[in-house]
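Full structure from sequences and hints, please.
Number of protein chains: 2
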Amino acid sequence: MPTKPIEGGVTAPSGFRASGLHCGIKASGKPDLSLIVSDTPASAAGVFTLNLAKAAPLYLCQDHLEATHGIAKAIVTNSGCANACTGPQGMTDAKEMAQLTAKALGCRDDQVLVASTGVIGVNLKMDKIRAGVPQAVAALAADGGAAAARAIMTTDPFPKEYAVEVDTKLFGTFRVGGMAKGSGMIEPRLATMLGYLTTDAQVEPQMLQRVLTEASRYTFNAITVDGEPSTNDCVFALANGASGVSINENFYPALFEAFRAVAHELALGIVRGGEGATKLISITVTGAATDSDAWMAARAIANSPLVKTAVHGGDPNWGRLVAAAGRSGAKFVLEGARVQIGSLVLFENGRPFDELAPKAAEYLTGKDLKIEVNLGAGGSHAATVWTCDLSAEYVKINAEYRT
Amino acid sequence: MPTKPIEGGVTAPSGFRASGLHCGIKASGKPDLSLIVSDTPASAAGVFTLNLAKAAPLYLCQDHLEATHGIAKAIVTNSGCANACTGPQGMTDAKEMAQLTAKALGCRDDQVLVASTGVIGVNLKMDKIRAGVPQAVAALAADGGAAAARAIMTTDPFPKEYAVEVDTKLFGTFRVGGMAKGSGMIEPRLATMLGYLTTDAQVEPQMLQRVLTEASRYTFNAITVDGEPSTNDCVFALANGASGVSINENFYPALFEAFRAVAHELALGIVRGGEGATKLISITVTGAATDSDAWMAARAIANSPLVKTAVHGGDPNWGRLVAAAGRSGAKFVLEGARVQIGSLVLFENGRPFDELAPKAAEYLTGKDLKIEVNLGAGGSHAATVWTCDLSAEYVKINAEYRT
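Chains A and B are the protein sequences, given in the same order. FYI, in my numbering the residues of the first sequence are 1 to 403. FYI, in my numbering the residues of the second sequence are 1 to 403.
Among the hints, erroneous ones may be present.
[Unchecked claim] Each computed SDA-like pair below joins lysine to any residue, with the alpha-carbon atoms no more than 20 Å apart: (1) B:26 with A:400; (2) A:125 with B:351; (3) B:331 with A:48; (4) B:331 with A:87; (5) B:359 with A:28; (6) A:95 with A:109; (7) B:396 with A:361; (8) B:4 with B:128; (9) B:128 with B:27; (10) B:125 with B:5; (11) B:103 with B:126; (12) A:125 with B:354; (13) A:30 with A:127; (14) B:370 with B:315; (15) B:396 with A:217; (16) A:367 with B:30; (17) A:95 with B:350; (18) A:128 with A:168; (19) B:30 with B:139; (20) A:396 with B:15; (21) A:396 with B:392; (22) A:95 with B:335; (23) B:169 with B:1; (24) B:125 with A:126; (25) A:95 with A:29; (26) B:331 with B:379; (27) A:26 with A:109; (28) A:125 with A:29; (29) B:396 with A:103; (30) A:331 with B:87; (31) A:331 with B:50; (32) A:125 with B:357; (33) A:370 with A:345; (34) B:125 with A:109; (35) A:396 with B:367; (36) A:367 with A:355; (37) B:359 with B:370; (38) A:30 with A:130; (39) A:103 with A:87; (40) B:169 with B:350.
Just so you know, the hints here were simulated from the structure itself, not pulled from any lab data.
In structure tokens, the structure reads:
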């Protein structure tokens, strides 16, 4: 079924409104409160960080999704404060944030999903939230997706939103939209940073959870900025059925493809906008003995500071790719390994082709790079992870994050 | 038994001579060929990197130690070229390097251990090695340890050597000396970068292997600069018995303590001289459920770019310590966790003490820092890993390594 990109983000599908504004959490005066609302209660699904130091709002959202069996009307998010490692007060504040939103919208508390992002270990300024939530509800608009996407940013250099439309031919069209934020503490593991997907297709909660999990695997879960799964990673999906298109098993592949397309674009946006990033690097590992070997090696290469600095400097130092693969824990056979930068094979059958280094250096001046490492382990498993280069700017951003 | 630090390095123990000179591998003109020789065939032991992309000289040394059942007379090392990922030519070159040294010294080829360090994937300039080895033999001196230590450096800002003397009271004294190099691609795993220990104690090869392995565990194996176990990591120990002190089981603890003391000092020197490093950070994890959990969490924190950049910027961002512990794979219970920077407890029983942040920031202006994270997992296992901060200089060094 044809899936085509369209303008907008979370409010591109019918029946969703959103807003974003500055309520006073960020000292900078930038937007820090974001709200997405479905006109009708929607099917809802979520995936959450595996970090054991989980933030309070994540526990609350898991409780809410369980209590409602996967129904939600709104997602309220503040940036500038992660509400993580904040003790019992953190949970009290997350609950109040849901209550305030529910009251202003006239829905049940447990139909509100809550997320926070920003500094860890600082309590939420609840007076700002109390004043901000009614303003955010009043500002809700059918074209408010862009404002909502802007209000969840922390160190992100640009907002991330994307949407597609799927034409089912016989049964009409539906849309999937999304927004996400990065851009440090990013290596989602079976979960992710903040990502929100909306669709006006009618999807049962169970199927929504399935498509969100499966689409995340090769998108949000396949990116890294700095190898740091965060305390606040989560992705939510809302499906309100406003398009009139109901998704059954026959339509599942089309829904998956639409979710994958939106999640892919948002995930790559997070990497492009990674802290200090100047290049997007796709790391593909092939010839792995097992699926988990392929992922393990791809992640090791994608998180290697030596690989990331070499790419930053435009240095085709392929030895660092081999070294990272060799120490990744995956089966690796040096004699059968192959390293390819762009279309240039720099190492194969145990032998270097260093005469190609100048051409590879030229290729690395680009912004969108492909690197492939065959582990030579005799298998046919493969995995692709997207990462960015490591620059002095990353150090600067993170050495001065709170100062 | 009293163990006291003494001047010098690998030639501090009796019966060892060494040299270091420029033979022409480094374009900079800096020393690049290092030789350590025992006057008599010595007991020899080695530990090697677990990286599956192992360099040719490591395979050769493993063969030599097996063939001789742990006897060696010399260690020859070049810097500026790792002789890794160099195909069959790499092994041919490593063998010739051993032969050239054996011939000049008048010993068996398999009594020579060979090591290389530097750029991966480039073949050794054998004409330089052929001319250099006889010169290195001619330059051997009983006070040549410092020259040898200087000739194994790559990006190291200073040479690393250390020595101790052990007084056994009744049976005389013996000495242990050592030298090592870093300083990028450093996270030794059951092996290490280049480290050489010498002793004039008489130690059987099996016991020498045991003391080297055990002493490495809490020293060379407990450091990291960038989480990158290299292709060329190895540590060798030579024991020539020249002191007349023979080590039996009763003396083993004294030998272990001496080896640990030398290895500890060299290992910390590697971290202090880590690429771009400005601070030495000791990360201690306590309250772990298992020994492997303690190591896993300590390594995760020590390799976290967010922790390393925060320390670099003097920012007591303890939330990043909690986040790294929480994602490490170790059992972690947020409510029982505790974070201590210097003597300041910033997080305990699920609650932040952020009012101490200014004091912690002041502590972080120091050069030698202690951080402790209790996992709150109810166990009593602990581990300490030494790391350094991550600076813009690290990025600069590694973005320009080959250019």
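Hints, verified against the model:
1. B:26 with A:400: Violated: residue 26 of chain B and residue 400 of chain A sit about 37 Å apart, past 20 Å.
2. A:125 with B:351: Holds - the C-alpha atoms of residue 351 of chain B and residue 125 of chain A are around 16 Å apart, at most 20 Å.
3. B:331 with A:48: Answer holds: residue 331 of chain B to residue 48 of chain A is near 18 Å, not above 20 Å.
4. B:331 with A:87: Distance ~19 Å between residue 331 of chain B and residue 87 of chain A Cα, so the pair holds.
5. B:359 with A:28: 25 Å, violated
6. A:95 with A:109: Answer holds: residue 95 of chain A to residue 109 of chain A is near 8 Å, not above 20 Å.
7. B:396 with A:361: 17 Å, holds
8. B:4 with B:128: Violated. Residue 4 of chain B to residue 128 of chain B sits at ~40 Å, over the 20 Å cutoff.
9. B:128 with B:27: 12 Å, holds
10. B:125 with B:5: 39 Å, violated
11. B:103 with B:126: 16 Å, holds
12. A:125 with B:354: At roughly 15 Å apart (the allowed maximum being 20 Å), residue 354 of chain B and residue 125 of chain A satisfy the hint.
13. A:30 with A:127: 17 Å, holds
14. B:370 with B:315: 14 Å, holds
15. B:396 with A:217: 34 Å, violated
16. A:367 with B:30: 36 Å, violated
17. A:95 with B:350: 18 Å, holds
18. A:128 with A:168: Violated - the C-alpha atoms of residue 168 of chain A and residue 128 of chain A are around 45 Å apart, more than 20 Å.
19. B:30 with B:139: Holds - the C-alpha atoms of residue 139 of chain B and residue 30 of chain B are around 16 Å apart, at most 20 Å.
20. A:396 with B:15: The given pair, whose Cα atoms are some 50 Å apart, is violated under the 20 Å limit.
21. A:396 with B:392: 7 Å, holds
22. A:95 with B:335: This hinted pair holds, its Cα atoms lying about 19 Å apart.
23. B:169 with B:1: Within the cut-off at roughly 8 Å; holds.
24. B:125 with A:126: The hint is violated at about 67 Å.
25. A:95 with A:29: Roughly 25 Å separates the two Cα atoms, so the pair is violated.
26. B:331 with B:379: Given that 20 Å is the threshold and the Cα spacing comes to 10 Å, the pair holds.
27. A:26 with A:109: 26 Å, violated
28. A:125 with A:29: 14 Å, holds
29. B:396 with A:103: 53 Å, violated
30. A:331 with B:87: With a Cα-Cα distance of about 19 Å, the restraint between residue 331 of chain A and residue 87 of chain B holds, given a limit of 20 Å.
31. A:331 with B:50: Holds - the C-alpha atoms of residue 50 of chain B and residue 331 of chain A are around 12 Å apart, at most 20 Å.
32. A:125 with B:357: The given pair, whose Cα atoms are some 19 Å apart, holds under the 20 Å limit.
33. A:370 with A:345: Distance of about 12 Å is within 20 Å: holds.
34. B:125 with A:109: Not satisfied, since the Cα-Cα distance of roughly 72 Å exceeds 20 Å.
35. A:396 with B:367: 19 Å, holds
36. A:367 with A:355: Cα-Cα ~23 Å, so violated.
37. B:359 with B:370: Roughly 14 Å between the alpha carbons, so the hint for residue 359 of chain B and residue 370 of chain B holds.
38. A:30 with A:130: Given that 20 Å is the threshold and the Cα spacing comes to 18 Å, the pair holds.
39. A:103 with A:87: 25 Å, violated
40. B:169 with B:350: 53 Å, violated
Checked against the numbered hints above, the structure breaks hints 1, 5, 8, 10, 15, 16, 18, 20, 24, 25, 27, 29, 34, 36, 39 and 40 and satisfies the rest.
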